[in-house]
Amino acid sequence: MTALWWGIIVMIVCCFALKYAGLSVPEHVLDHPVTVRAANLIPAALLGALIAVQVFGDGSSLTIDARVLALGVAAVLLMLRVPFLPMVFIAALVAALVRQL
Amino acid sequence: MTSDRSVIVDSLGVGLATGAYGVSFGALSTSSSGLTVLQTCVMSLFVFTGATQFAFIGTVASGGNPVAGALTATLLGSRNLFYGLSIAQKLRLSGPARLASAHLVIDESTATSVTRDTTRQARLGFFWTGLSIFVLWNITTLLGAIAGENIGDPKTYGLDAAVGAAFLGLLWPRLATWQGRLVALVGAAVALGAIPLTSPGIPIIIGGAVAVLLGMLWQPRERT
Chain A
18 MTALWWGIIV MIVCCFALKY AGLSVPEHVL DHPVTVRAAN LIPAALLGAL
68 IAVQVFGDGS SLTIDARVLA LGVAAVLLML RVPFLPMVFI AALVAALVRQ
118 L
Chain B
141 MTSDRSVIVD SLGVGLATGA YGVSFGALST SSSGLTVLQT CVMSLFVFTG
191 ATQFAFIGTV ASGGNPVAGA LTATLLGSRN LFYGLSIAQK LRLSGPARLA
241 SAHLVIDEST ATSVTRDTTR QARLGFFWTG LSIFVLWNIT TLLGAIAGEN
291 IGDPKTYGLD AAVGAAFLGL LWPRLATWQG RLVALVGAAV ALGAIPLTSP
341 GIPIIIGGAV AVLLGMLWQP RERT
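Taken in sequence, the protein lines are chains A and B. Throughout the first sequence, residue numbering follows my numbering, covering 18 to 118 in sequence. Throughout the second sequence, residue numbering follows my numbering, covering 141 to 364 in sequence.
Simulated from the structure, these hints should not be mistaken for laboratory data. Treat the hints with care, since some could be wrong.
[Unchecked claim] Derived CB-CB ranges, DEER-like:
id	chain 1	residue 1	chain 2	residue 2	range
1	B	D257	A	Q117	52 to 62 Å
2	A	S77	B	T258	49 to 59 Å
3	A	R116	B	S143	47 to 57 Å
4	B	V149	A	P50	34 to 44 Å
[To be verified] Quick look at which bits of chain A chain B covers, simulated, 3 or more residues with Cβ under 8 Å:
id	stretch
5	33 to 45
6	67 to 80
7	102 to 114
Quick caveat, the model's predicted, so the values are computed rather than measured. All C-beta atoms in this analysis are idealised placements derived from N, C-alpha and C, irrespective of residue type, glycine included.
With the hints as extra help, turn the sequences into a complete structure.
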């Protein structure tokens with residue numbers, strides 16, 4: 018059993034438990050302003066951190082390369098309301114083309 | 141009064157648009173993160189919550205420990221808990237039905253059911269959206285995963301850059317408010333600072349935790 022499989026199993030169990038618990042527990046148990054507020058903040062916080070690591074990280078050092086340009090292109094496309102898939106595709110294409118230069 | 145038909149049409153539209161993302165998940169999973177086709181498909185079948193799956197393969201691609209990555213990714217899926225809470229009274233499902241339906245509690249099925257006025261239409265929205273995404277997401281994941289395994293070095297196609305773009309796409313709706321922007325920015329900045337100081341995977345956890353904490357402390361003044 019590799020670490021990857023363990024990670025996947027952890028996600029399967031935890032994610033289902035979260036979904037099922039949401040449908041099952043009485044509303045007042047979790048309906049506290051603090052928990053609701055934290056849950057609202059988690060996606061933005063984690064996605065911000067994920068983007069930073071994904072775009073600037075290179076092992077344990079920071080680099081600037083074609084990925085930064087692709088992220089900028091993605092931001093512009095999102096501002097123009099381009100849908101998800103074409104946006105991701107064009108961003109990847111830009112990075113690929115820049116690397117050919 | 142919204143007709144049942146229009147609820148179903150809306151749901152299928154959302155299902156088609158969302159289900160197609162599976163291609164990018166599958167391709168990135170096998171090419172950038174080095175997961176097998178089987179691992180990739182098992183995730184889409186049994187984890188079935190997109191942002192979490194993307195977060196996991198993102199952490200793995202950056203060299204992080206998969207189990208720590210899985211826990212971080214699960215945290216991203218914790219919003220499903222609150223989705224369940226908000227649609228439970230709408231759907232009014234009994235024990236066994238609840239167990240069978242829980243897997244479909246995701247962003248889109250919540251969005252298409254929580255706004256409905258009747259239990260009947262809430263269920264229509266929930267199941268048509270959830271099931272159409274489930275079917276498509278898994279088919280497109282498989283196609284993407286096979287393609288990703290056969291294309292060689294993902295960097296040639298800019299696929300490593302596609303992960304960042306995909307995350308930005310997921311983050312985008314959250315940037316509509318100042319609080320969302322600030323929290324995302326703090327998360328990013330702290331994670332960047334932590335990259336040279338910690339082992340891979342940890343910066344994401346630290347950045348996310350600090351940003352949530354600051355967001356909790358920072359109370360925007362109520363407009364009166």
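Now for the hints, and whether the structure bears them out:
{"no.": "1", "hint": "D257(B) / Q117(A): 52 to 62 Å", "result": "holds (54 Å)"}
{"no.": "2", "hint": "S77(A) / T258(B): 49 to 59 Å", "result": "holds (55 Å)"}
{"no.": "3", "hint": "R116(A) / S143(B): 47 to 57 Å", "result": "holds (51 Å)"}
{"no.": "4", "hint": "V149(B) / P50(A): 34 to 44 Å", "result": "holds (37 Å)"}
{"no.": "5", "hint": "33 to 45", "result": "holds (count 10)"}
{"no.": "6", "hint": "67 to 80", "result": "holds (count 12)"}
{"no.": "7", "hint": "102 to 114", "result": "holds (count 11)"}
Checked against the numbered hints above, the structure violates none of them.
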